[in-house]
Amino acid sequence: MESKTVLARQGGAAAFWKKNRFTILAVLVLCVAAAVMLRTRYLAMVLDFICIYTIAVTGLDLLFGYTGQVSFGQAGFYAIGAYTSALLSKNCGVTPIVSIFIGALLATAFGVVIAFPASKLVKHFLSLLTIAFGLMVYTFVNSCASLTGGPSGITGIPKVTLFGLELGNYQSYFWLVAVLMVAVLIIKRNIIQSRVGRAFIAVRENPHAAAGMGINVAKYKIMAFAISAFAAGLAGALYAHMVRFISPDSFTKDQSNMFMTMLLFGGIATIPGSVIGAAAITVMTELLQQFAAYQTLIYAVLILIVLFLLPNGTVGLVTKLGALFKKRSLKHAAGKERTQR
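According to numbering that gives the first Met the number 0, the sequence shown is numbered sequentially starting from 0.
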């Protein structure tokens, strides 16, 4: 009896390893990379940006990848989260870790407001609405100097303190953003594996058929917008407390374009796509700092490359190569077996 229990456990462990081996190996590689990169201040900053951008892109993926709603106004929600948290913590004395989530919730509220008209629009009309929203937020933070500081921005944003420990440098701040990034990815996985996720996919594939099946299309579109806005607002608030200075220049349309580029490059409607896209584009942006004036052009070229050569992003390419390798291995094994006979 005991031997059967041991064998069952071994079989369960083997099945778990087979199913999650790539995820486990990826986590191990990331841990080693993080341990190496955290030794220097600059590389730790790059890691922080990767985690923050992953959070924002994960929300965008739920909106675009799973419900098919295009948004080029994510920088607006990003700015709302950043400015709300910065103002509350600096001028109202709110604890930064609390103000961060208040900023994310306010961004969610704006996301719901935008989602009501957006849920009735499709394709380029929806894109234009989100672009207009992003421009409205940018214009407000740039012109309302009495509240937001205008073009001069907000300086001296308080550092995050957690359990009495001040996260005053990039190395210590990494653990906060990394934990929140993992939490957001887990929440995303749970959503897409739930009834809500299946409804999202149904809405993306055919909203008319989904409505005919009894799915409230408008409800799920609004829900996706709210989740996406929360993620962008959370990322913006984390960004504000990391750099401790924000200005309207950080929340232009280029920021929205970057989020979309990251998503397309990594792969839409996938779990690792957000991480891969955020990491690749962040590193690429850092390496091409001397071409900052051509940032928008670079993003446009990358989007075209992905659309024509990598329609499913990097994750799609890896999956395709893996399937090809597996097919060749099976073919080789079958040929070897025939030869032996």
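Think of the hints as simulated: they come from the structure by calculation, not from any bench. Treat each hint with caution, since some may be false.
Taking lysine-lysine pairs in the DSSO-like style, the calculated list, with each CA pair at most 30 angstroms apart, reads [to be verified]: (1) Lys252 to Lys319; (2) Lys187 to Lys330; (3) Lys330 to Lys319; (4) Lys158 to Lys119; (5) Lys158 to Lys218; (6) Lys325 to Lys187; (7) Lys319 to Lys218; (8) Lys252 to Lys158; (9) Lys89 to Lys119; (10) Lys319 to Lys122; (11) Lys252 to Lys325; (12) Lys89 to Lys218.
Simulated restraints, written as ranges between beta carbons of each label pair [to be verified]: (13) Met283 to Asp248: 26 to 36 angstroms; (14) Ile185 to Leu104: 11 to 21 angstroms; (15) Thr160 to Leu296: 50 to 60 angstroms; (16) Arg197 to Lys122: 20 to 30 angstroms; (17) Phe100 to Lys252: 43 to 53 angstroms; (18) Ala32 to Ile304: 19 to 29 angstroms; (19) Met135 to Arg327: 24 to 34 angstroms.
Even for Gly, the Cβ is constructed at its ideal location relative to N, Cα and C.
Return the numbers of the hints above that this structure violates; sort them in rising order.
-> 1, 2, 4, 5, 7, 9, 11, 12, 13, 15, 17 and 19
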